[in-house]
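Protein chains in written order, with my numbering: chain F, 965 to 1266; chain B, 115 to 293; chain V, 37 to 367.
If you are wondering where the hints come from, they were derived from the structure by calculation, not from laboratory data. All clues stand as given, with none of them false.
Restricting the straight-line Cα-Cα distance to at most 25 Å, the calculated cross-link-like pairs of lysine to any residue (SDA-like) are:
no., chain 1, residue 1, chain 2, residue 2
1, B, K240, V, Q45
2, B, K155, V, L208
3, F, K1175, B, Q175
4, B, K240, B, H171
5, B, K267, F, L1243
6, F, K995, F, V1206
7, V, K153, V, L237
8, B, K155, V, L62
9, F, K1219, V, L277
10, V, K153, V, M238
11, F, K1230, F, V1026
12, B, K267, F, R1210
13, F, K1219, B, A197
14, B, K221, F, A1212
15, F, K1211, B, P269
16, B, K267, F, L1250
17, F, K1199, B, S271
Heads up, incomplete: computed chain F residues facing chain B, CB under 8 Å, no partners named:
no., residue
18, G1078
19, Y1080
20, T1171
21, A1178
22, E1186
23, P1188
24, I1189
25, V1214
26, E1241
27, T1242
Listed next, the stretches of chain B that the computed footprint assigns to chain F, with coverage defined by at least 3 CB atoms under 8 Å from CB atoms of chain F:
no., segment
28, 189-196
29, 205-218
Note that CB positions come from ideal geometry on N, CA and C, so glycine has one too.
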Amino acid sequence: MNFFQNRYALIIILLLISLLTACQPEGTRQKMRIGYMNCNSEEETLKRFYPLTSYLSQKLGVDFELMPVDTQDFSERFAAGEFEFTHTNSLVYLIMHEESQLQLLATEKRGRYGSYTSGSIISRKGSGIKTLADLKGKRMVFGPQLAPSGFLAQYDTMLQGGIDPEKDIAYYAIPAGSFKHEKVVYGVYFGQYDVGTAPSLDLELMTGAGKITADDFNIVAESPIIPYCTFGASKDLDPTLVENFRKALVELTEKDVVSYQGEELKVLASAWIDGYETLEDSDYDLLRAMAKRANMPPYQEF
Amino acid sequence: MARRDRFDILTGGGLLVCVLAVVFLLMVGQEKNTSAAALDKAMEQQIAYQARIEFLHNLYQPVEDLRLAGQASEALLKLDELARHYPQEAHGEILQAEILLERGAIKESIDHYVRAVRLNGDYVDKASPLTRRSGIQQLVDLRLPEFAARTRKNPQSLALQNTLTGLYYLQSRLSGGCE
Amino acid sequence: MLVLWGNPQNSGICVSCFLENSAGALGLHDNPRMQYLRPELVGFVLGAVVAAFLGREFKSRGGSAPLPRLFAGIFLIVGCAVFIGCPIKMFFRFMAGDLTTLSGIAGLVIGVWLGLKGLAAGVHIGGSKQKPDGAGIWVPLGFLLLLAFILWPPGFILQSTRGSAAQSAPVLIALAVGLFLGVLAQRSRFCVTGSIRDGLLMGYRAPLFWGFLIFLVSGLVTSLATGQFHLGFYGQPGAHLDMLWGFLGMLLVGLISVLLGGCPFRQLIKSGEGDADAGLIVIGMFIGAGLVQSWQIAGTTAGVGLYGKVAVMVGLIFVLGNMLFYRERIG
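Generate coordinates for the entire structure from the input sequences, incorporating the hints supplied.
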């Protein structure tokens, strides 16, 4: 009898031990870092992407650390191994894909074009600037230089339309500091510049929010659609982890929540995202062609 | 069978009077109908429908004008502006779908077509003044085999599955049947 | 053939769709795409009246469990509307290659089987008694009134100019077909759920079952001959892929039909024979037809909405509850 009792006790103890070891508490799990490109400010990045990072940690059983990174430093810090996963605009993804063989994970969906976006060239209504030809000799404001839908797409559209931004316009500027895209829109609206380049998504959101109206601007041109913000993974990572990361992103729905300081936060809504989608790397070929024509990284030639 | 008594005769007589009165009313009462309002519900419904069509045409005319002028981007912004005042209006969805299709955003265009048809079946009717049947038919004929093949190749993709479901929905609505 | 003459695709005959259309025409719901007083529906009942009188089978009877019957009529249409179609239409859809109907067929057969189990266990919702009074003439008279509304439409009758209710065979053809089918159904006692019931009880020896098989084969031949056959799950006219709810909807229809002695079509025919109990079910079906549209209970190609799902569950609660209340226990 004692023998049986002892054997059952042993089994129970072994079961308990195995259960305890199977369940890794936070802090003892694998640690990894996700670099998020700052759109406007570090504070905004932290606020937007904390719930998403927390969701990924929960889903994958990995302690992910959120690292806000400035656009111009991104590829360099990634190459230096400061973080394993990346969240950037599609042009920065291209640069890292070329330079460090960054793997494509998933593309973000936001606005009317879903996982794609485009760039618009705008002028104030009543300015008489309605076509690309009208841009000659005008004062222009561009978005940040590594912004695919705030700079590259419009730069390429102008080149394709026979306007060389380096020669044909009076001058062009790029706003300093944060919130550059809104500064472009308001710079044109208040007449500081004749023409500006704004992401079509920003125009859509500002119109939807009632900040501007459709009658405030002429859309001089809109670029073809190109992939939007992109998640990538270092080439050296465990393929299973990478696949699980991708799956966790594409399976995200608007109902998914995480706890943050006693509050339940909606992951997608907090990050201003509609969802994620898997695109092929070949879907970025149009963007590659634009970068080549505009002599932009990663294909820049001096 | 029991013999008819006076009560039966009186009741039967009353019944006959009532029947004759109804027949008389139906035959000659139409002209003398003192009802306050004319009763032609089918016509009233038609008038309300025509007024709605007219209203939609006027409301979305600026969008159509911009499209005709080749200014699709401005037309989309105009739609965003109208959507603030008339969210869930199927006509805005259908116009959005058409412009997005022209811009090459196929999946998003299909989403908007589905939303529009779910909100208002007139867009797949053959005879409706709002009909977009031929455009939707073309979209389904062209894109359904393509998305079915892409989904077979990539069965994990929820986005592709959603688009394919949307195309099947449109195909089903085009096939007709009861609603 | 009615589809070729103008009725909606796969809806040559559909009692629940016709009832929803007719309820709309009478102003019982406000869906402007579902309002048309279907002549076929009136033809079914009046055809049955004619056949019953000629065969000396018109007998005024009724008087059992009136309220349960009224509500059962409502839930019959709830089940049909959630599935999108009555049992007849379901089999026509199946014979036109619509594989989404498989769930409904399974639901209907299981519903009939469960109903049979109930009957065997002593569930008995009261039997009709022959009445010396004229209770059985009121539903036929009501349909005579509807015939007058079709021939001389008064101002309050609504008629869709778009949507599936705007698709219709010419009035006189539809009426003639309805009358013919009404006569035929009254003489043959045709009933979809009755055929399944007899098939389950007697196998191939059941004459109704053979009649039903002939109906299926003729449906298949017609769809093949007229080019309406399209095999598959997707892109089917007036169908959805919410299989579970299609199954439950038809299970509800099968269960009610067996317990109350007939599918929706059979109830119409019986009401034309002077059966006031069936007449009450028909009135319930009209009320249900209005409600399923007004309360968004009806399924659509996009699927079954929340209210449809809730209504089916309430219907099942109603039937199962009544199976307990009306069970005659021995000993």
